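Trainee: Read off the chains here:
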Amino acid sequence: MKNINISKKSIIVFIAIQVAIALLAFILFGLVPAHREAGKIKAVADLKSGGANAELPKETLNLIEAVRTGEHHEAYLRSTLKLSRTDSIALLIDLNDSLAFLSLKGVYLYQSKISKIKINKGLKKLPYFLRDSLYSGPLQVVEEISSIEKFPIVIKKAPKDTTEANQSGAAPTLPIQNDVFVMFSFSNNMVIEIDQEEDELAGTGRAYRHYKRQYHRWFMSESLSALFDPESSGYIYHITIELPREDARSIYRALPLKPFVVVRY
Amino acid sequence: MKKPDSKNFILVSLSVVLTIGLMFFYLSKSENLKEAAMSLYSFHDYPEALAGKDSVQLTKQISATEKRVFALQKKIENLWPYDPYLIINTTRNTFVLRTKRQIIREGICSTGSYILLDAGDGQQWVFKTPKGEHRILSKVVDPVWVKPDWAFIEESLPVPSINDPDRFEYGSLGDYALRLGDGYMIHGTLYQRFLGLPVTHGCVRLGDEDLKIVFKNLQIGSKVYIF
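Protein chains in written order, with numbering that gives the first Met the number 0: chain A, 0 to 264; chain B, 0 to 226.
The hints are simulated quantities; they were obtained by calculation from the structure and are not laboratory data.
What you are looking at is a predicted structure, and each value in this text was computed from that prediction instead of being measured.
Among these hints, one or two may not hold up.
To be verified - Simulated pairs of lysine-lysine, BS3-like, Cα-Cα distance not exceeding 30 angstroms:
| no. | chain 1 | residue 1 | chain 2 | residue 2 |
| --- | --- | --- | --- | --- |
| 1 | B | Lys59 | B | Lys127 |
| 2 | B | Lys52 | A | Lys149 |
| 3 | A | Lys123 | B | Lys52 |
| 4 | B | Lys52 | A | Lys39 |
| 5 | A | Lys112 | A | Lys257 |
| 6 | B | Lys127 | A | Lys159 |
| 7 | A | Lys123 | A | Lys39 |
| 8 | A | Lys159 | A | Lys115 |
| 9 | A | Lys81 | B | Lys59 |
| 10 | B | Lys59 | A | Lys257 |
| 11 | A | Lys81 | A | Lys117 |
| 12 | B | Lys28 | A | Lys123 |
| 13 | A | Lys104 | A | Lys39 |
Take the sequences, apply the hints, and build the full model.
Mentor: Structural data, given as structure tokens:
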């Protein structure tokens, strides 16, 4: 074994490089998109307020909050009504009552209790008028990633003779039941994730790992493309809801491709 | 003199690879970096036009909004069928028979298996239950199953002509059938042990007692929602 001599200077240089890389990454992938988004929000906020910061009594602020809540509920119901004129099954997410619904022509087909809601910092901090415009109207899914197939097709070759037919007819061929993780992305920089509430993964957890890989790849490509696009901030508003696994599966499989989603906060 | 040069080259190469790798790692963690960066910002919430209103005006506005919300809720409720209707969940293989106000019966059923039967020569069938809103087109007591081609191909039997007696099977659909169109039906089954599993060729199979209640409550024109 040869002794490797590492000088103190080398160690300092190495650590300095690591820190510089971390800092550069934080600026490029964290601060730049967040700053761009914050700039956009502030620009709209200044327009709305005319630059003045309104100081109001608490009672008035509470009443204003009640007006806004009522108006948002009204907008949510209007969107539901709008979707009832279509032939497609839509997803309604009521964060206020922690419920997720499937709706077809205004009829609620299925209801599931949301056990956990996670909202990212940007969405939590978003001023009311921008939050409202982000949620307003039915949102159509642009891209989706999921750990399960939409149509669990099982291919079966026709039997060659009656003996083979009798053998294959004895037990039904059932689709594999993987873990359920779904991500819907929308054109307004918003992402809604539906995760199963069960922590224990079914089987080998392969479907979950595959989903996570796809999700990270999608997020990385969004971050990279935003770096070179001055119009896009690259900051993504993110909501995660957790549902029982079988409810999440029913909901995902019921929805058509590129479904409409309405969210009430 | 050559040795230190190659050593330096290796070190520089390693550093470059490490830097690229680290940048890639940080890029993969960009979601967390953005969250950390966003915590540095805060935004004021401006009440806009509402700020100019007094508490009486705001209270009036709240009550007006509440009225509109109530009217919209009523409008949505009016979309629900007044007569009994059936909802079928093809993923869980369950059904709910209900009216606008209450559940009449719920339980398990069997729906399409999602099997794609490939008979070669471009002949294929996908056994799935059609999703969407359907209506009961007709109701039949003691239905007879007119076996389609795939039923013979699945059993590796020769496909008979259209009106061949071999096509007609008695008793396999249970006591009742409710037709949804395009050959799809809600009917009974001899394979009660498979209820709750996706094993059918697209029809909806119910247990004997459930079928009886569904048959009694649904009329021609009643709605069936399948998802």
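Trainee: Could you work out which earlier hints the structure fails to respect and list their numbers in ascending sequence?
Mentor: 1, 2, 8, 10 and 13
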